[in-house]
Structure formats: C-alpha cells, structure tokens
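Full structure from sequences and hints, please.
Listed here are the chains, written in short residue letters.
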Amino acid sequence: MASITLNTVRKIYAGNVEAVKGISIDIEDGEFIVLVGPSGCGKSTLLRMVAGLEDISSGEILIGDRLVNKVEPADRDIAMVFQNYALYPHMSVYNNLAYGLKNRGIAKSEIDQRVRKAAEILEIGEYLDRKPRQLSGGQRQRVAMGRAIVREPSAFLFDEPLSNLDAKLRVQMRMEIKKLQRDLKTTSIYVTHDQLEAMTLADRLVVLNKGQVEQIGSPMEVYEKPASTFVASFIGSPAMNLIPMKKTALGWEPEQGDGVNFDIRSDASEFIVGLRPEDLEILGDGAPLGAGLAAKVVVTGVEPVGAESYIHGTLGEGGQEVILRAAGKQHYDIGQVLSIAAKQEKIHLFNRQTGKREEEISALQPA
Amino acid sequence: MKKVQLLDHAVLILGALFMLVPVTLAFMTSTHDAMSVYKDGLQMTWGGHFTDTYKTVLTEASGFTKSVTGLTMLYNSMILGFGFAIGKIVISMLAAYAIVYFRFRFGVFFFWVIFTTLLLPLEVRILPSYEIVQGLGMMNSYSGLIIPLIASATGTFYFRQFFKSVPDELVEAARIDGAGPVKFFIDILVPLSKTMIAAIFIIMFVYGWNQYLWPTLITTDETFFTLVRGMKQILAVWVGAQIPETNQAMALAVLAMLPPVVIVVIFQSWFVKGLVESEK
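So the protein lines, in turn, are chains L and E.
Note that our numbering has the first sequence beginning at 1, numbered continuously upward.
Note that our numbering has the second sequence beginning at 1001, numbered continuously upward.
Incorrect hints may have been included.
Chain L stretches covered by chain E per the calculated footprint, using a threshold of three residues with CB under 8 Å from any CB of chain E [said to hold, decoys possible]:
no., region
1, 76-83
2, 100-112
List time: in silico SDA-like cross-link candidates among lysine to any residue, alpha-carbon distance up to 25 Å [unchecked claim]:
no., chain 1, residue 1, chain 2, residue 2
3, L, K70, E, G1178
4, L, K131, E, K1273
5, L, K117, L, K70
Across the chosen pairs, the derived CB separations fall in these ranges [claimed, not checked]:
no., chain 1, residue 1, chain 2, residue 2, range
6, L, R116, E, P1191, 51 to 59 Å
7, L, D166, E, K1194, 46 to 54 Å
8, L, G306, E, Q1005, 32 to 40 Å
9, L, E60, E, G1107, 25 to 33 Å
10, L, V17, E, L1012, 56 to 64 Å
11, E, V1004, L, I334, 55 to 63 Å
12, E, L1122, L, D75, 44 to 52 Å
13, L, Q113, E, L1258, 47 to 55 Å
For the record, the hints were derived by calculation from the structure and aren't laboratory data.
Yeah, the Cβ is synthetic: ideal placement off N, Cα and C, and Gly gets one too.
Written as structure tokens, this is what we have:
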C-alpha cells in the first residue's frame, strides 16, 4: 500500500505533441482513483507513465515516498490490468499468475499459496490448468486481475479493463472490481472513457481533457458541480443541456429559440446555462412558476426506456435542442408544447468564453 | 456435380502419378542388379535385389579413395541439414528480435540491408564466399559447410513479421512481471513462435539437405561428401570398364529423398499452422 503523487507530469512526444500537459494529482493510500475522459485526452498515457511503460518528459511521480521517474516497471511495485488482458497464451492460468512471482525469486511454496488464494478470491480455481484460449472473456478478465492480485503490489493500475466485455458482464465485473478493491484496500488508478464506469467505481474522479485536468472530485461532486462545460457534458447520461444565453433589452434570452423565462442579476452579458435532464420538471397547465427557470418546449421526439422516457424537444419552434427525463410511462405527442421549469439551485452557470463554472447561482440575486 | 467430381479426381490422380512415377521408377530400378538395368533400362517391377543393393550402398566404401560409405554420406547430410536449419533459426530469430524490440540507431536501415541480401543468392557471391572460407582455412570441415550460409534474410523477415504481430501489451505485461529482455525472449517469445519455428525448420532443413553447389566447392575430402553430392560420384567413378551401377545410384537417390519426406510428414500439421495462424 502506498500513496501516489504526480507532480506537474508532462509527456511530450516526438514532433512536439504534448499529450499530457503538466498534471498534478495526490492519490491517497487505498484510494480508488478513476481517470476519465474522451479518447486522446492523455489518460492512458498518464497511467502508462505511472506504470513506467512511458518515459516522463518532465515532472515527478512518487509511489509512497520514492521517486520512480527512472525506476523500471518491475521495480515500481505496481501491477497492471490491460484492456486485452495480455495473458501469456502458451502458459496455463496457474503459470500466468505465477510468472511474475517466479521472476522475483519467491519460494515455490509461497507462490503456490498466493496463486491458490487469488484463484479462490476470483473463483477461477477450477481453471488453473487451462490455457487462456480455453476461457471465456469474463474468465480471462479474472485471470488478468489474478495476475495483479498475486503480486500484492502497492498499487493496481487498470487500463480500460472492461471494455472488451459485453454489457451485462461489464456491470457484474464492475461491482466485483469495486468490492475487491474495498477488501484489499490497495491504491488503484483506473482508466476508462465510460462515464458510468467512472461514476460507479471511483472514490475520486479525475476528468481529463486534451492532456489537462478539468476537475478532480468525488463522483457526486463532479456530477453536481461540474467545473466546466466539458465536464458537464461528459459526466451524466443523457448529457446536461447547455444553453447559451445572452442579456437583451427584454431580459435573458437563449441564443437560439425563445419562450425562456429566466432572470438573474449579473454584470455578465452572456452565460451558458446548464440544466440536467432530470432537473427539468414538466409542469401541469397553469402551475405557478417558482424561482428559477421556466421554458416552453416543443416535443420533437420521445425515447421510452422503460421506467422513464427521454423527451427531446426545442426551445420554441426550431430553437436550441434540449433533453428532459420524465419518470413514468406517460405519453407525449410530437409537436406538443410542454411547460418546464428548473429550481434555482439546480441551475448551473458557465462562463461563455472560458467554459468554466461561474460562482453559485444563489449568490446572484434574482431580479 | 458428379462430372465435376470425376474431373477433380482425374486431375488429382494425374498429379499424383506425375509425382510418384519417377520416384517409383527410381525405387524399382534400385531393386534390380546392375546387369539387368544396363541391359533392359529402367525398371518398373520389383527386382528382388533390394537388400543387396541397399547394403552395398550404405556400407561399402566407394569413391576414389574408397573412404566414404552411404552411411557416412547420410550422416554428413544430416549434419548439414540440421546445422543449417537450427543455425538459421537461431540467428534469424535473434536478428528479428533485435530489429523488432530494440530501438537502436538505423534499426530499420539494417533490416533493409539484411532484406536486400535476398537479391544476392549464393550463386552470385560464390567466389568471394569461397575465397573467405578458404582464407580462414575452413575447407573440408562442417563449420565451413554450415557457417558461411547460416545468415538468412528469409528467416529474419518471417520472424520479424511474426514478432510484429505479437501484441505490445504482452511485452509490457512481461516487463511489469519482471522479465528482462533475455527472459522475455526465452519464456514468452520462443514458445509463442513454436509453429513458426517448425515451418522455417522444414524449409531450411530441406534447403540445406539439397545443397549441391556449396558442398561441391568446400569439400574435396570425400569423407565430407553429402548424399546429394555422392550420388553423382558413384556414376562418375564406376563408369569405365565396369558396368555403371545405376541401381546403386538410384538407391542413393531414394535414400536422399527419405529424410526430407520424414521431416515434412512429422512437421506438416505444424507447418500449415505456422503459416496460417498463430497462437495469440
């Protein structure tokens, strides 16, 4: 067990491409950190730098108190689970688990004990004599995890380990990884592009974009207070509605569309207003408008997904598109006009130029 | 449907005959005695002198110096075949390993240098090669027979292609598992290459076994003669006042064919596997 400290870590590839632009993260002992972001955001590169598979262009990486910039991967006391599992195809499951221990000169009896223990935890005991190709995807995944566990490392590194599994198995393995990590209390860094995986696994999320940290925080913090429009649109499904609005003589108007009733006192002349689909309530006819934002939405499409429906609509005819999430099985017609409202504390405001989160809306007095 | 099948079989049978008749002819002729072959030409029937001919060929010393038997020649051919195949595999695997897994200056350049040597087969560079071997005093030795031809552009190329298809994650997993370059090569890469090794082994064994020009140049001492080389010697020597021992030459030819056939039969399933799939 150990903490991991990244201090302005940079990765510059040949041709002056900066994949990781000076990232600093302090990871506590036993913490489960998820690096999440779209492809090309540098999350895998960052993980591989921690593993020692990529050189660090500048900055420092510490595992525990030890500076590991120049330490070989094998000597960093980490274990990694790869996306395609990277099992040794010619070795039995047992030998796959044991190989790293053998190379470290650990006694045979100790190896045997550790392998059997890991196999028991992961319920792969009966496959120990099989070759990886005789196993299903989920079983291979377990073997890959087993290879990490037997090492009893101070940190686990996961590189999109679930992306080769089908949806059902992914959910199951996700829970198992979480449980395993809680039981073993091993510091973990997990890379994924799947925001749902990130939300469910992480103690703390690190949202990355274009080689930079957009936000670090617990999943709920990130969800409830996204630091930028990027985080707002990346975390949460369906994504947050982002509506550019500007101040006119008549008050605040959306850039595209109309029928929005929203007022705050602010020196700024434009904002991006962020609204989670589930925070938009559909009002009955004649219901009073509370403090917050109200709008008329023309329904353009409905996606029933069972327990709830996603309603696609526009702000007035041909205006900005928005998505609402409606619970229950109520029926909506295309072309129907809905009155919607969002409570004041549910409204997110972002700077139009920088995309960064503005101060809390409650600090801005309604006009 | 039926007609097509008949035609298929006709083509196959014709092909099989085309391959087998000369071999049968050689084998049947080798079971006759020299006299009847001389009188009646090549034979397609069993002659009944099978043991006589093969015993003579294998054990009786022949050649100018009467110092080389069929068995010695067989032994020499084996050494050349195995030496060739194993040597080429070891060298080309190591070369390919270096080219694929190590970033060194001009690595790609060196690969292409090796590759272009395909354009310079032995026949083209035979004089300089001979000159060097002769200068090093390696004439009439197994090392002189094998080592100068051991570098293989073909083998290096095949292994390079194969290594390139091995996923990078495997190398990385091995690095994290504490396997250095040598361990990775021996523990992971060599077992993974098994089928590839088998395929190249067959090709190179047959290639080495069938060498004629190089052994002719390098070995003047008859005790180093190979089967392929010695076959011709029998006819050349025994022509004269005697009846040419065509039956014995044929027997040697049959013997010379056997080991490559055995090797191919043993390794054929691996051979096909090595060419079409890989265990990954």
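Should the hint that R116(L) and P1191(E) are 51 to 59 Å apart at their CB atoms be regarded as holding?
Given a distance of about 24 Å, which is not inside 51 to 59 Å, the answer is violated.
Is it true that the CA of K131(L) sits at most 25 Å from the CA of K1273(E)?
OK: K131(L) and K1273(E) at ~18 Å, within 25 Å.
Given the hint of 44 to 52 Å, is the C-beta distance from L1122(E) to D75(L) inside that range or not?
holds (48 Å)
Is the Cα-Cα distance between K117(L) and K70(L) 25 Å or less?
violated (33 Å)
For the range 56 to 64 Å, tell me whether the beta carbons of V17(L) and L1012(E) fit it or not.
holds (59 Å)
Lying within 25 to 33 Å: is that true of the beta-carbon distance E60(L) to G1107(E)?
Check passed, 31 Å falls within 25 to 33 Å.
Mind taking a look at whether chain E covers the region 76-83 of chain L? Criterion is 3 or more residues with CB to CB distance under 8 Å.
holds (count 5)
Given coverage of the region 100-112 of chain L by chain E, checked by CB-CB distance under 8 Å (3 or more):
holds (count 3)
So does G306(L) sit 32 to 40 Å from Q1005(E), Cβ to Cβ?
violated (57 Å)
Are K70(L) and G1178(E) close enough, with their CA atoms no more than 25 Å apart?
holds (15 Å)
Range hint 46 to 54 Å (beta carbons of D166(L) and K1194(E)) holds or violated
This hint is violated: roughly 32 Å between Cβ atoms.
Just to be sure I understand the hint, the distance between the Cβ atoms of V1004(E) and I334(L) should be within 55 to 63 Å; is that true here?
60 Å Cβ-Cβ, so the 55 to 63 Å window holds.
Comparing the model with each numbered hint stated earlier shows that hints 5, 6, 7 and 8 do not hold.
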